[in-house]
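Q: Throw the hints in and build the complete structure from the sequences for me.
2 protein chains.
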Amino acid sequence: MKIALDAMGGDQGPELLIDGACCALRKNKELSIILLGPEDLLKKQVEQCADLGSLAQRVFIEHAPETVAMEESPVVAIRKKKNSTIMRGFDLVKNGQADAVVSAGHSGATMAAAIRKLGRLEGVSRPGIASLFPTCKAPVMLMDIGANVDCRPQHLLQFAIMASSCYALLQNRKNPRVGLLSIGSEPGKGNALIKETHELLSQSKLNFAGNVEGRDVYSGDLDVVVCDGFVGNISLKISEGLAEAAMQMLKDEIMKSLQAKIGYLLIRKAFAAFRKRVDYAEYGGAPLLGINGIGIICHGSSSSVAICNAIGEAAKLVENKVNDSIVQSLHQYVTA
Amino acid sequence: MKIALDAMGGDQGPELLIDGACCALRKNKELSIILLGPEDLLKKQVEQCADLGSLAQRVFIEHAPETVAMEESPVVAIRKKKNSTIMRGFDLVKNGQADAVVSAGHSGATMAAAIRKLGRLEGVSRPGIASLFPTCKAPVMLMDIGANVDCRPQHLLQFAIMASSCYALLQNRKNPRVGLLSIGSEPGKGNALIKETHELLSQSKLNFAGNVEGRDVYSGDLDVVVCDGFVGNISLKISEGLAEAAMQMLKDEIMKSLQAKIGYLLIRKAFAAFRKRVDYAEYGGAPLLGINGIGIICHGSSSSVAICNAIGEAAKLVENKVNDSIVQSLHQYVTA
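Just so you know, the sequences run in chain order A and B.
Using this note's numbering, the first residue of the first sequence is number -1, and each one after it goes up by one.
Using this note's numbering, the first residue of the second sequence is number -1, and each one after it goes up by one.
Every clue listed holds true.
If chains are identical, the list can't say which one is meant, so a pair holds when it fits in one copy or spans any two.
Pairs of lysine to any residue, SDA-like flavour, derived with a Cα cap of 20 Å:
#	residue 1	residue 2
1	Lys135	Lys254
2	Lys187	Arg124
3	Lys42	Glu64
4	Lys0	Phe58
5	Lys25	Gly51
6	Lys249	Gly218
7	Lys254	Arg275
8	Lys254	Lys274
9	Lys135	Glu251
10	Lys314	Leu168
11	Lys187	Met68
12	Lys135	Met253
13	Lys193	Glu70
14	Lys249	Ala136
15	Lys187	Glu70
16	Lys259	Phe269
Calculated from the structure, these hints are not laboratory results.
Since we're looking at a predicted model, the values are computed, not measured.
A: Here is the structure:
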């Protein structure tokens, strides 16, 4: 099993990414990692990595001199930078030299590169990005979180099927409960897109729980929540923004009294455990679903643990042949 | 100044609502409250309210024998229940017997009743619902939070203008900074609706900050954030759901160790202050903007403090003639 890691992606440079790779190699003895990036630079980085030791035998470097910057247009970037880390990564997958790509770089460009190099899975009209979110119970998978801003009902149906297949494999959950994100639970609630999609999902063989509201996302009662990429991306970013603002406000209140400051010292470990639990990066990355291969996008600010988890997740998807399962489900879940 | 209060709205019955009214009457000596609901029931409630004392002189009862249940269709409810609390409330506004209506009942029916009884403001195509959210700095106003699920760019432009006028009055802020909720800050980012709206807002005379992302909503750097009612409602409910789930997860972690439990006792007051700060009900209710009169919707689970604040907010909007300001702005802010 060979996972290609974009060693230049993310806000924090190759060192942290290589740490993540080490962690994944230690966890999974069957795994090799191909680091994507400028050869000279990566060679130096790998040599300097004391942590690596005997793991180094399972680390390879694929020369990819170019990187896509966050502000670049995905379309332009994949046209002009043929030797970027992500383009080279999906080349390797295409040629059978790697089983999956993990990148914390430009997510739009990663998706575009994946589609360009590998194409869509049979029967898929729009590949999308799925992401796991923490809840009080099992995590919930939201799809699409940003690849497709204007969708038709058929696209949302496919998101539901793809995310359902992926969730079942990642979480060992048979027949995941799928909700359609709307503004009320009644079938008639929502915008035009949602009303039509509700009908399609009702007619499918998915375990469809009907329309769900924003507040149901974090309830833990659903396994998959489906929405278009515009709504999904805003849901994701609103959550991030709220979590950050709330932590800041709580900190402000604690800093106002000595008693609360002392209390904070006692509660610190519980706080750290809480932060870890709500940090969705801990759940691994966001799989690109619907492409003819496996790719995982990570948050630009991912920790090495998040990278490690994303590599583990990629391996799990490869091992369990998520794409076979998706193709089969696309046939099976849609009547007519 | 007379504010009509739906004394049957909300999940917790008239007692709590009357408590909220008492609080508002104490704060504002110029204020009278008209309680809307079944006369006999409300008379008894008012008599039993020891808290009321001399304030009772400024409390009136308007007989409204019917209430709209949460599961009723707004359209059917306002057609069949002519004597519901909200219909009678907006009747009073129409006849000049009240200056505004405050309701914690069925928000869709309240909006429908307002439009039916009072009509739209001159120049407004779609009235909407605005709501203040807490941030680390000043609160931010999101509009629309659920009245209009399918919008055209012109509607979003009007939301921006209406919310901007309302925010300026409520928060004493000249020229509020307006953001357009999207999935990236560049003008080309977003779905078809957002791209067209971006152009309209750029050409307007509003203080337009451009596209903003979900995570900017809670940053405190914006005064007004504009979106359609589908996205706005999901943003609101996702926030509620996340806040609840996060508090539960934090509590779970604290309960795992004795040390953290003791810490919690010391930190409790800071926690309570924090909860108050993030409880958007504390900011008052959500004004209906674009109707030819003043109406405020409150959360069904509003506390008496939230009701008190919503009444105060209604009085402020009446006093400052928010609708004159909106009509003027609609003329002024749109070039051509």
